[in-house]
Amino acid sequence: MTTGSEATAGADWFPHANGRWVVEDAGRQAEVEPMPAGGPDGVRPDTVLDGGRLGGLTYRATSQRGLAHQNAGVVRQDSYLVRPTGDDRWLIGCVADGVSNGPRSHLAADLVCRSTTMRLAQFLRDLGPPGDAEVWTASVNSLGWPEIVAETSESIRKEPGWGSSTAVVFAVAAEPLADGGHPALVAVLAGDSTALLLGDGTWTPLGAVKNDGAEIASTAVTALPGEVPAIRPQARMLRPGQALVVISDGLGDPLGSGGGVVGRFLATMWQRPPDLLAYAGHVGFYRKSFTDDRTAVTIWAGVP
Amino acid sequence: MTDEKRATEDNRTLVLAFYVMVDVSQSMSYGGALESANEIMPKVADAIDASPMLADIVRFGAMDFSDDARVVLRLGDLRNVPMIPKFTTRGRTSYAAAFRLLRQEIERDVVQLRQDNFRVYRPVVFMITDGEPTDEDGELEAAYKELTDPGFKARPNILVFGVGTATKEALDPWVYPKTGAKAMRSYVARAGVEPKTAIAKATEALLGSIVASAQSVDEAGQSGGFVPPDDDDDDWI
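First to last, the protein sequences are chains A and B.
Quick note on our numbering: the first sequence kicks off at 1317 and runs consecutively.
Quick note on our numbering: the second sequence kicks off at 219 and runs consecutively.
Heads up, a few of these hints could be off.
[What the hints assert, rightly or not] Calculated cross-link-like contacts (lysine to any residue; reagent style SDA-like; alpha-carbon spacing at most 25 Å): (1) B:Lys261 with A:Gly1389; (2) A:Lys1604 with B:Gly294; (3) B:Lys400 with B:Arg321.
[Stated by the list, open to error] Covered stretches of chain B, as calculated for chain A (at least 3 residues, CB under 8 Å): (4) 230 to 239; (5) 270 to 280; (6) 338 to 346; (7) 422 to 435.
[Said to hold, decoys possible] Which residues of chain A face chain B? A few of them, derived with a C-beta cut under 7 Å, are: (8) Glu1347; (9) Asn1387; (10) Gly1389.
Derived from the structure by calculation, the hints contain no laboratory data.
A virtual CB, placed ideally from N, CA and C, is assigned to each residue, including glycine.
My request is simple: use the sequences and hints to build the entire structure.
Written out as C-alpha cells, the structure reads:
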C-alpha cells in the first residue's frame, strides 16, 4: 500500500530527514526546538486535529502552533471549530486568529469561534430549505451578519485582557441539492483569515488575497471586537470533487492565491481526503520564512 | 494577472530589512562610542547565526554619516559577510546626508529584494547619534521629507538612539512615523551616561527588536512586521 507520499515527492516538495514535508526550501526551520508555553496557558495543545463525514461531506481540520511561537514558548493563537448542527443538516464552523498584540488573544480566538458558530447554527436552523442557487444567495445575504459581529464583539469585550481575533465562518449543507451541489457559505467577519475553493487542481480564492502584488507587505488587520467593514458573505455551491478550504493567514500567506508551489503541493495532496494525520503533515510543511500558526479546515463534497 | 505573474506573487518568501545608520562625526571617537558602535554588527551576526528564526528572515545593512553618508555594508545576509567592516570617524554631523543615502539605498534594495522573489515588509532604520545635526534647517527637513514621503512606498520606520549630549527634543523630529498606532520614538541616554554604555544598551534594544520582529513577521498585528523596543521601558538608561 502506498501513502501517497512516495508517488508525489519531487523536486518542489520532499520529506525532510525528520519526516516533515518541505516545500522547496526549509531554511533552518528544522532546527527549531519547540518550547512549552508557561503559566496557565501552558495547557493549550500545540496541535489539534479533527476529521469525519457528515452526509455527502468529508472534512479534515487542524490548527498548529507555528515555529515562531514554538521557538519563543508562546501558545498557539489560532483556533477553529467545526461541527454538525443539531439537526445534522449542516457542517458549520469558524477559523480564528488571535491578534498578537493581546497576550491572551488565543482565548479571544476560541470565544469568537464558539460565539459565531452558535449564532450561525441558530440562523441556519430557522432558515428553510436552501432552494436553488439564487434563493441560496439571497438567504446568505439576509442572514443576521451585523448581529453575529455585534454579539461576538460584545462577548469578547466582557473579558478584559483577551485582546481580539480575526474570524471567518462557514457552513456547508450535508446533503446535495438535486443537481449535486452542496449549498455553502463563507463569511470573513474580520481580518485576514480566508477561504478558497479547490477543484481539478485549481484554487479559487473567495475574496481578496492578502498583500497581492503589494510593493510593501502589511500585517495590519481588522479584528473583533473593533471596527470592521461591512460583511460580504459568499454563497456557493460545492460540487462533487470540489473542496472548500478555510484557513488562517499562517497558511494563507505561503499559499497566496494558490498559483505557486504551495498551491500545487496542497492540490496534489488533497485531490481526495487524506488520512487524518497525513493531513496535519500537509498543513505543517516547512517553507523558509513562514513561521506563523496555521489552521486549515477542508471540506470535500461527494467523496465516494 | 497571468499565471506566471500569479506564481511569482504566490511563491514569494518573507524578508525583513534592517539598517543601522551610525553617526561617525569626530565627537564619536570619545568615551568609547565608536568602539561600542563597532560591536553592533558582530553582535547582530552572532544573533543571526544562533537563531534559525532570524537567519531565514533578516537582512541587515549598515551606513555611516558625518559630512557625507556612506554605505558601510550593503543590505544582505550577514552570514555571507566574511569580514565585518568597521566604522571610522570623520568630520561633522549631517543628518540630511544620512536621510538622502537611506532613501537611495532603500529604494534600490527593495527593488532587488522583490526581483529576488521576496515579500518585503517596511524596512527599519536604527539611527545612532551623539549630537545635533550641523545641517541647514531647510536642507535637513527636505531630506527627511523625501525619505518619509507617503508616495515613497518603502519609507522606513525610523528609530533614533541618542548618546552623549543628544536630547530627546533634538531627536524626536527625526523618527518616523510620529503618530498613530505604529508611532516610533527616540531613545535618549540620561546625562552622564557614558556613550559606550549607551550604545551597548542601544545594541541590546536593537537586537531585541530584531528578534521580536522576526518572531512575528507574518502574524496579524499592528506592527507591520516590525516590533520596536518595549515602549513601556522607562529605564532606558
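To see whether the hints hold, each was checked on the structure:
1. B:Lys261 with A:Gly1389: holds (23 Å)
2. A:Lys1604 with B:Gly294: holds (16 Å)
3. B:Lys400 with B:Arg321: holds (20 Å)
4. 230 to 239: Satisfied; 4 residues make the cut.
5. 270 to 280: holds (count 5)
6. 338 to 346: With 3 residues close enough to chain A, the hint holds.
7. 422 to 435: holds (count 4)
8. Glu1347: holds (4 Å)
9. Asn1387: holds (5 Å)
10. Gly1389: The hint is violated - glycine 1389 of chain A has no Cβ within 7 Å of chain B, the shortest such distance being about 11 Å.
Hint 10 from the list above is the single one not met by this structure.
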